[in-house]
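Just so you know, the protein sequences line up as chains A and B, in that order. Read left to right, the first sequence gives residues 1 to 211 (our numbering). Read left to right, the second sequence gives residues 1 to 211 (our numbering).
By construction, these hints were calculated from the structure, which means they are not laboratory data. Nothing false has been slipped in among the hints.
Heads up, the list lumps identical chains together, so a pair's fine if it works in one copy or across two of them.
Straight-line C-alpha distance at most 20 Å; calculated SDA-like pairs for lysine to any residue:
| id | residue 1 | residue 2 |
| --- | --- | --- |
| 1 | K199 | R124 |
| 2 | K204 | D26 |
| 3 | K193 | D183 |
| 4 | K193 | P182 |
| 5 | K204 | A166 |
| 6 | K204 | P125 |
| 7 | K144 | W95 |
| 8 | K144 | E168 |
| 9 | K204 | V27 |
| 10 | K193 | T135 |
Number of protein chains: 2
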Amino acid sequence: MAVLLYDGFTALDAVGPYEVLCRVPDVRVTTVAHERGPVRTDTGELSLTAERALHEVRRADVLLVPGGGNRGTVAMMEDGRVHAWIRRLHRHTAWTTSVCTGSLVLGAAGLLRGLPATTYWASRPYLSELGATYTEGRFVETGKIITAAGVSAGLDMGLHLACRLADERTARAMQLAVEYDPDPPYDTGSPEKADADLKALALKLLEDAAV
Amino acid sequence: MAVLLYDGFTALDAVGPYEVLCRVPDVRVTTVAHERGPVRTDTGELSLTAERALHEVRRADVLLVPGGGNRGTVAMMEDGRVHAWIRRLHRHTAWTTSVCTGSLVLGAAGLLRGLPATTYWASRPYLSELGATYTEGRFVETGKIITAAGVSAGLDMGLHLACRLADERTARAMQLAVEYDPDPPYDTGSPEKADADLKALALKLLEDAAV
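Could you build the full structure based on these sequences and the hints that come with them?
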């Protein structure tokens, strides 16, 4: 499983699926970026290490493209070298996946034309510009492409993928292994559950913390 | 907010709370380890960068101690230098927090004597050896100490802490910002929802993937 990292990615988009997939038997995870070394997240406060450079990874059974802040996502949507890498890997993947605005990067690489997909709630309108059709769900599977909704949706997608890669029993065991019995103190995790003011505040908090 | 990193920590334990707290106004997050530089997780497949060494961080408003695999947790439970650092920070924190087996590290540092606490489901029996009383809940608050249950429980605790550090509206906005509207495909995220075979499998998957 190759996890693309890039300047301005969102940490949980990558770490959520990693955490529920890395212990599935025979799954080995690696992180990939333009160059090896530390890669900054969208807040600039955290770095994950890219273990490999793009040119070192020519095949993967699973490709995961995390989302990022506006700046990072837009840069990836305009990065032809990354698009060529994604398309090359996609030819041989068993699963090509994204979390959050990672689907916009898949779309910019030309992978989502005519397909149902999801993305970060505030980015849903952009999917149609990339030829995809926004479809409801924590994740949307079409052929071998799975796109997940925003940030934390990668956990739900990851468990589904654990089932696809192994079996349902393994996926259920991984849910227990990460004690994923969610019980958030509030219930405002989707735009359908939030009023206009709360949506505006969420976007403002994201913008204010972006680097 | 200082996030302790150590060889063998669990990525999501640190990244879950980080992701819901890093955009709360006036919150600044830093990562701390024995030395600056990349720190390997419990699978050996992912590294996060420690931005600062222990001796460089003498105060923090929030301390977060993530859990780890058996090897990493035991090493931290025996690391007197880390315990001294935790105790020193704890004297002035507003909140001292842990996720998963991070509570065993707080306990080994002497912070949980006579207090209610939680930890990773499979590690609950160890709390009493450290003078704490296992208490049910995704997270347990006692005074200024909050301990969260396993791995993904850090997300729920993080939202609660976002409310404590700012206000409920900000916490609700952060839940939306990370689109945390959980909908796992299964319902086996706690030991109360799993049979003995599934528990054994979860622990075996953890052990087989440990380095």
